[in-house]
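Asks: What follows is the residue order along each chain.
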Amino acid sequence: VWTEASPVTRSYGSPGPSAPLRTGRAWLWTTVVLCALACAAPADAARLVFESDGRSATVETTRDGGAYFNVGDLAAVFGAVRHWNAQTGKMTLTARGRRLTLTPGDPFVALDGSLVNAGGPPVLRGGQVWVPAGFLVGPLARFADAEIVWLPDDGTVHVRHLPPVVRSVTVGEREDGTAIDFGLSGPLEFSVESPSRGSVDVFFSGARLVDSLAVTEGLGYVAAVSVDTVQAGVQARISVAGGAGGYTAVLYRDPYRVEIVLERGRERAAPALKGLAGVKPGAPGRAGGGVETVMIDPGHGGPDAGARGPAGLLEKDVTLRLADQLMDALRRKGFYVFMTRSSDSAVPLGRRAEIANMAAADIFVSLQCDAYPSPVAGGMSVSYYEPPAANAVGGARGAGLVRLDRVEVPPVPDALLWNRMQEDYIGESRALARTIHTSMVDALSLRDRGTERGTYVVLAGCAMPAVLVDVAFITSPAQEQELADPGFLREVASSIANGIAAYRSRVQGG
Amino acid sequence: VSLIRVKIVVILLVVVAGVLLFALRERRPEEALPEGGVLAEDVGPGVQTVVLVFGDRSASRLVEERREIVVPDDRSERARRILEALAEGPSESGAVRTLPEGTKVRKVVFDGTGGAYVDFSRELVDNHPGGSTGELFTIRSVVQTLARNFPDVETVRFLVEGKEIETIAGHIDASVPMSVEQYE
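So the sequences go chain by chain: A and B. Residue 512 is where the first sequence starts when you use the numbering used here, and the numbers rise one by one after that. Residue 3 is where the second sequence starts when you use the numbering used here, and the numbers rise one by one after that.
If you are wondering where the hints come from, they were derived from the structure by calculation, not from laboratory data. All values reported here derive from a predicted model rather than from experimental measurement. We put the CB at the ideal spot given by N, CA and C, even for glycine. Every clue listed holds true.
Some, not all, of what chain A presents toward chain B, calculated at C-beta under 7 Å:
1. A818
2. D881
3. A882
4. P884
5. V887
6. A888
7. A900
8. D981
Let the hints inform the model, and build the full structure from the sequences given.
Replies: Structural data, given as structure tokens:
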């Protein structure tokens, strides 16, 4: 958990409680008095030690009978976001989906919405909020899923974080199937397997249960869910009602949760998901320097059929068939393979990148058919991401509203963080595109349209090398025939897989 | 006397209508211009030579077509008429339409700092035949047509029924203004 914490930084003032001090003259005087008090009692510091890894940090303290700890420092150490509400005079800390609200002078705090003893009222001093030791060992420990001990004699705070808790289990119906959501207190390793078509087992390694959790009422494809503590963790068994075609399992952060989706649709053996255990620390694919996991993205799906061939072939069907072939080819080469969709379902573009990021995939390959309003156009190409031109985002163009009759067009925000993820990987994506392109050119007798760059939405959010393969033009009658041929798709899949394997060798220096 | 006046007015109306009809019919397609072809001659209201930018049949390059159309004085309305002509498709056989059938151009707005906003009808998205290349040529054709006829345009933002869109056909980011250089 603690590796998530942001580095310890001192940020006095914003977003501390300086805002309310501007709200009235009384506050101004209070400030003056408090500043005087603060100056009279010089600040001290306590050392905070994490027993799990020996890491330590410094927290500023002040004396007022007993020791009081600076909330800004504590928030930084525990990786929490602080928010000061000037209207209500409350400070809220949020981290890993949990929420702790405290009010200077109030002996109670709200933890995830319920009122608990603060262990002594927080105080406002020198424009900062300070909390007593009782706050650390009480609500803060619960907020951080840790045991906290304060040793006043040597001025240290000892933190021992507890194993993650499986906090909740909820079942809900979704467009693409039935979702079972396991709420977690932090990141952990998990594995999923389906011993029979009638059940899916999820094992949370090293986790613990606070209360017994069970869902016995059936909903959708779920007949029942039971959750029990076993020797080395927590075991959940999902009893599956008939009709489910497969499942996907993804670990999300903020808050941490594992979502299992039992999908309707094609009657196929559930794919093994053992490789999808936990989120690797740091940039995916960089931790071990390896290229192991490939996320295949079959373009379009559901109501979005993509392009249509003159004989009626649908792009969404071609991309899914090709994805199945590519999955087989890559597995034979020892890759873990996942797909953003494994049935004829609609998946929004941003979500496809999100799925790849959550699975910590090392490579993202979006499969597409090209199309053009002329039967003459044809050929294949491999594309990688290029950000929108500098004059298209930010700057003067983003400054104001433009009125179109009654419609107000909002200004263009600076590209969101999420949208910029791919920018760090463009060089690698270009290398991957070239390797796949070379392999396809060698193996296939399609007209070569080269490697291209573009502001592809599906690639923009991918935090890994990502490419988009346009296999052939479905609008060309000849190429439509080829795309309908499983033998051709197998050749395409094999050439893409060879390209990905060549990229792996290059990265791993093999 | 009043009868003569009425006759004169009627004759004048017929003449004006005739001239307008003739001008509208007079579409003279020409072969694609060489690289860096001539900018549209801005002759103000009345008949103007405009440049429409389409795709070629093999989806390898843009082709330009010059037409003489009747355009109004108002700059926004002039741009709208030019894009409506673009939406009708090319008249020469070497070029391919880039806007889906039935697409209407509802409004064009210039923000005065190089930004153009084009509001299309639903058909732009609903009838789009798809494909990264098809989508790319739709964007390039609109952006370059505006840039050819209004040299001060630097970016073009696509809207559908007054709202911003994520993409036209599921690939290229259409939520940001399209730069004239990027979509050359």
